[in-house]
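As given, the protein sequences belong to chains A and B, one line each in that order. Numbering-wise, the first sequence is residues 1 to 208 according to the numbering used here. Numbering-wise, the second sequence is residues 1 to 208 according to the numbering used here.
FYI, nobody ran anything at the bench for these hints, they're computed from the structure. Treat the hints with care, since some could be wrong.
Identical chains share a label here; the pair holds if one copy fits it or two copies do between them.
Here are the simulated SDA-like pairs of lysine to any residue, each with C-alpha atoms no more than 25 Å apart in a straight line [stated by the list, open to error]:
| no. | residue 1 | residue 2 |
| --- | --- | --- |
| 1 | 29 | 173 |
| 2 | 47 | 148 |
| 3 | 47 | 20 |
| 4 | 176 | 191 |
| 5 | 118 | 20 |
Since the model is a prediction, treat every value here as computed from it, not as a measurement.
Number of protein chains: 2
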Amino acid sequence: MPEKKELSEEELNIRHAEKMHKKKEARKKILATKTIEKGLIIVHTGKGKGKTTAAFGMIFRALGNNLNVAVVQFVKGQWLSGERAALDKFRDKVKIHKMGEGFTWETQDRARDIEAAKKAWEKSKELIADTNNKVILLDELNIVLRYNYLPIEQVINTLHNKPKDTHIIITGRNAKDEIIEIADLVTSMELIKHPFRSGVKAQVGIEF
Amino acid sequence: MPEKKELSEEELNIRHAEKMHKKKEARKKILATKTIEKGLIIVHTGKGKGKTTAAFGMIFRALGNNLNVAVVQFVKGQWLSGERAALDKFRDKVKIHKMGEGFTWETQDRARDIEAAKKAWEKSKELIADTNNKVILLDELNIVLRYNYLPIEQVINTLHNKPKDTHIIITGRNAKDEIIEIADLVTSMELIKHPFRSGVKAQVGIEF
Chain A
1 MPEKKELSEE ELNIRHAEKM HKKKEARKKI LATKTIEKGL IIVHTGKGKG KTTAAFGMIF
61 RALGNNLNVA VVQFVKGQWL SGERAALDKF RDKVKIHKMG EGFTWETQDR ARDIEAAKKA
121 WEKSKELIAD TNNKVILLDE LNIVLRYNYL PIEQVINTLH NKPKDTHIII TGRNAKDEII
181 EIADLVTSME LIKHPFRSGV KAQVGIEF
Chain B
1 MPEKKELSEE ELNIRHAEKM HKKKEARKKI LATKTIEKGL IIVHTGKGKG KTTAAFGMIF
61 RALGNNLNVA VVQFVKGQWL SGERAALDKF RDKVKIHKMG EGFTWETQDR ARDIEAAKKA
121 WEKSKELIAD TNNKVILLDE LNIVLRYNYL PIEQVINTLH NKPKDTHIII TGRNAKDEII
181 EIADLVTSME LIKHPFRSGV KAQVGIEF
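Using the sequences plus the hints, can you model the full thing?
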C-alpha cells in the first residue's frame with residue numbers, strides 16, 4: 001500500500017488498532033472451536049538444528065508446571081553435560097533412560113546397536129504405559145526407525161494405544177511417513193545458515 | 001540397492017561398520033578445520049512451532065553449564081508459567097526483562113507498543129554490553145522489527161559490535177534480511193501438521 005507513507009502517526013495508530021482488534025476477535029473465534037483435550041504426539045524432524053533442543057524446552061516447561069517427565073535417548077552423545085545438569089535440578093520429576101552404548105559412527109557395530117535399540121524401546125513402552133509420566137521424549141527415535149532397527153508397526157501400535165493424556169515427543173531427522181501420519185503436531189527444522197561453513201567451532205553452552 | 005535383500009545379517013553388519021567408519025573419519029576431518037571460537041548470533045524463524053521453545057532449551061543448557069543468561073521478552077503473553085517456574089530454579093543466573101504491556105492484539109495500541117519496544121531495546125543493549133551475560137535471548141525481536149517499531153540499523157549496529165564471546169539468540173517469524181545476513185546460524189521452523197486443525201485445545205505443559 002504505497003499511500004501508507006502519507007499517513008500520520010495518529011492515522012497509523014488508528015489503523016493498527018482496528019487491524020489488531022479484528023485479529024483478536026478472529027483468534028477468539030478459532031480458540032472457541034478447540035475443545036478436545038488430549039495428550040499429543042509431537043514430532044520434530046528436518047535437517048536443521050533445534051529438534052532435540054526444542055523438545056528439551058518443552059520438557060523444562062512441563063517440569064516448571066510440576067508434571068512428571070521421562071526421556072529416552074536413542075542416540076548416544078547427542079546431549080551435552082548442560083542438559084543433564086539442568087535436568088538435575090528437577091531430579092525427582094525426571095526419569096532418564098540412555099540407550100546402551102549409543103550408535104552410528106561411534107560404535108560401528110550394527111548388531112549391538114540393534115540390541116540397544118530394542119532395549120531402549122522396551123524401556124520406552126514401560127514409561128509410556130506408566131500414566132504418572134505426563135510428557136515423554138523419545139529422543140532421536142526417528143534415526144533408529146530410519147535404520148530399521150525397530151519394527152515400525154510395533155512403534156505405531158504403541159503410539160496408537162498410548163494413555164490418552166500422555167504427550168509424546170519424537171525427534172530426529174527423516175521421520176517416517178507412518179510417524180508423521182500418527183502425529184498431531186509435526187514441525188520441520190530447516191537449516192538456513194550454519195556457522196560450520198565459516199569455520200566456527202562448536203562450544204560450551206551452545207551446541208550445534 | 002535391490003541386492004540388499006539378499007545379504008545376510010552378518011554381511012549387513014560388516015557393510016554397516018565400513019560405512020560408519022568412513023562417516024566417522026569424514027566427520028573428524030571436518031571438525032579439525034573448525035577452530036574459530038566466538039559468540040554466535042542465532043536466529044530461529046519460520047511459521048512453525050518451537051522457535052522460542054528451542055531458544056529456551058539453549059538457555060537451560062547454558063544454565064546447566066553454569067553460564068549467566070539474560071532474556072528480553074519483546075511480545076507479552078507468549079510464555080507460559082511453566083517456563084517462568086523452571087527458570088526460577090536458576091534464579092541467581094538469570095536476568096529477565098519483560099517488555100511493558102506487550103503488544104499486538106492484546107493491546108491494540110500502536111503508540112504504546114512502540115514506546116515499550118524502545119524500552120525493551122534499551123534494556124537489551126545494556127544486557128548485551130554486560131559481558132557477564134554469556135547467552136542473551138531476544139525473544140520475538142523479529143516481530144517488533146517486522147512492524148518497524150525499532151530502527152533496524154540500530155539493532156544491526158548493536159549486534160555487529162556485541163562482545164566477542166556473547167551468544168545472542170533472536171526469535172520470531174519473518175526475520176528481516178538484515179538479521180539473517182548478520183546471523184551465524186539461522187533455522188527456520190516449518191509447520192508440517194498442527195493439532196488445531198483437528199480441534200485440539202492448547203493445554204498445560206504443552207503449548208502451541
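message: Are any of the numbered hints broken by this structure? If so, which, sorted upward?
response: none
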